[in-house]
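*Asks:* Top to bottom, those sequences are chains A and B.
Going by UniProt numbering, the first sequence opens with residue 1, and the numbers climb by one from there.
Going by UniProt numbering, the second sequence opens with residue 1, and the numbers climb by one from there.
This list has only true hints and no planted wrong ones.
As the list makes no split between identical chains, a pair holds if one copy fits it or if it spans any two.
Subject to a maximum C-alpha distance of 16 angstroms in a straight line, what follows is the list of computed EDC-like cross-link-like pairs (lysine to aspartate or glutamate):
1) K67 / E220
2) K67 / D219
3) K173 / E221
Keep in mind that the hints were calculated from the coordinates and are not lab data.
This one's a predicted model, so the numbers in the text were calculated from it and none came from an experiment.
Take a look at the letters that make up each chain.
Protein chains: 2
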Amino acid sequence: MSKLPVLEVFGPTIQGEGMVTGQKTMFVRTAGCDYACSWCDSAFTWDGSAKDGIKQMTPEQIWQSLKEAGGSRFSHVTISGGNPALYPQMGDFVRLLHEERIDVALETQGSRWQDWFVEVDDLTLSPKPPSSNMTADFEKLDLIVARLIDAGRQAHVSQKIVVFDEADYDFAKQAAKRYPQLDTYLQTGNPDVETADDEKLRTDLLSRYEALIDRVMADEEMNDVRVLPQLHTLLWGNMRGV
Amino acid sequence: MSKLPVLEVFGPTIQGEGMVTGQKTMFVRTAGCDYACSWCDSAFTWDGSAKDGIKQMTPEQIWQSLKEAGGSRFSHVTISGGNPALYPQMGDFVRLLHEERIDVALETQGSRWQDWFVEVDDLTLSPKPPSSNMTADFEKLDLIVARLIDAGRQAHVSQKIVVFDEADYDFAKQAAKRYPQLDTYLQTGNPDVETADDEKLRTDLLSRYEALIDRVMADEEMNDVRVLPQLHTLLWGNMRGV
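For reference, chain A alone in the conformation it holds in the complex (with noise of 0.2 angstroms):
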């Protein structure tokens, strides 16, 4: 079967954002990305600074990895990047995953479709607001948020947008509004991804969610959403592979 470039396999831990926060899971970080987000908070995968680390692996290699990591002591699998949806191959993995009866869930900015994304059990599409610099293409996502609603993957699929400032806000509400059949998830942006300082950054992050739920909750265009931070990093501010 083809292979899977892929910079990090990790866990069991809490996935620590959006549809399914808090569930138990392992991690499986592909490389490459067809965007460059200003503020991303992985961006060893695409700009060059880890390409030493990428393997290129089939889907039993990345099982068998998965497996000594994590031995017997996880049902579920998260598939991230980068952009893991940049990879057709990936079809492979995921029923490879099935096969051994665990769920997978799957993140994308919605930027590529493949036919995989209907057998996602838990799939995020996170369109990235104008505070990354980068465009959305929302003729694009159209055209995949109508195939998964075609293909009656409602119920396992949402929309995750990173909110910085009132420019993502008004960028979360229209989306928000474009795809009413999704549920949605805004979450706080974290705004030094370098930063070792964890007790400065959790305040700071706390103090910024507050200020979203308040804009949330003062917003009667924006009712039915959720606000949500980034667990994992409130609890271990930027380290890797937790």
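Following the hints, position chain B against chain A.
*Replies:* Just chain B now, with coordinates in the frame of chain A:
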């Protein structure tokens, strides 16, 4: 229509715990409980301390109270207690909310069945662990879970267990095994529901949350669970009405 004993109507705010954590919601808190958990964070609902604040309200009056507090800024209402499942007449209120196109969440320890359980959009059953000094009635809970499953409500029901110590953890494990059809949420206990030292409480809660995560991650018999903190307590300490 029959009246309900109401102690608090507030919001909109976020749901800080459980199956719809982060959801923008209003809260209605009923008075009265058949339990008296040692660490209850809403003991005023049953210990007599707030008995002068109880209002006997019709569903229509509660709805008006919600509109006064929340205006048009909500589409979701959470009913909590006390134990709101003490009241057969609650079904009238749930139906009124649905007529107003409001989704309804409700939390109960699962000590009593009510026919209107099958109408609740997000029903949390929270059997109480040993540290509460209560004894969960699993035969009753078996009946409740079976009826909900038979009614096809699986996606609308979860169980949530508060964990303070190892005995609670064992209890949570038994509950997770007993009801594999339900999503199981483990929640960090709040060891001091009186303190006003938010900073110390926050540090303590995150430390307990991390310890609970560590415990679950190491346990191959606890794979398909979600481990969550109380977000509102991290944000606002023991403050009421948020």
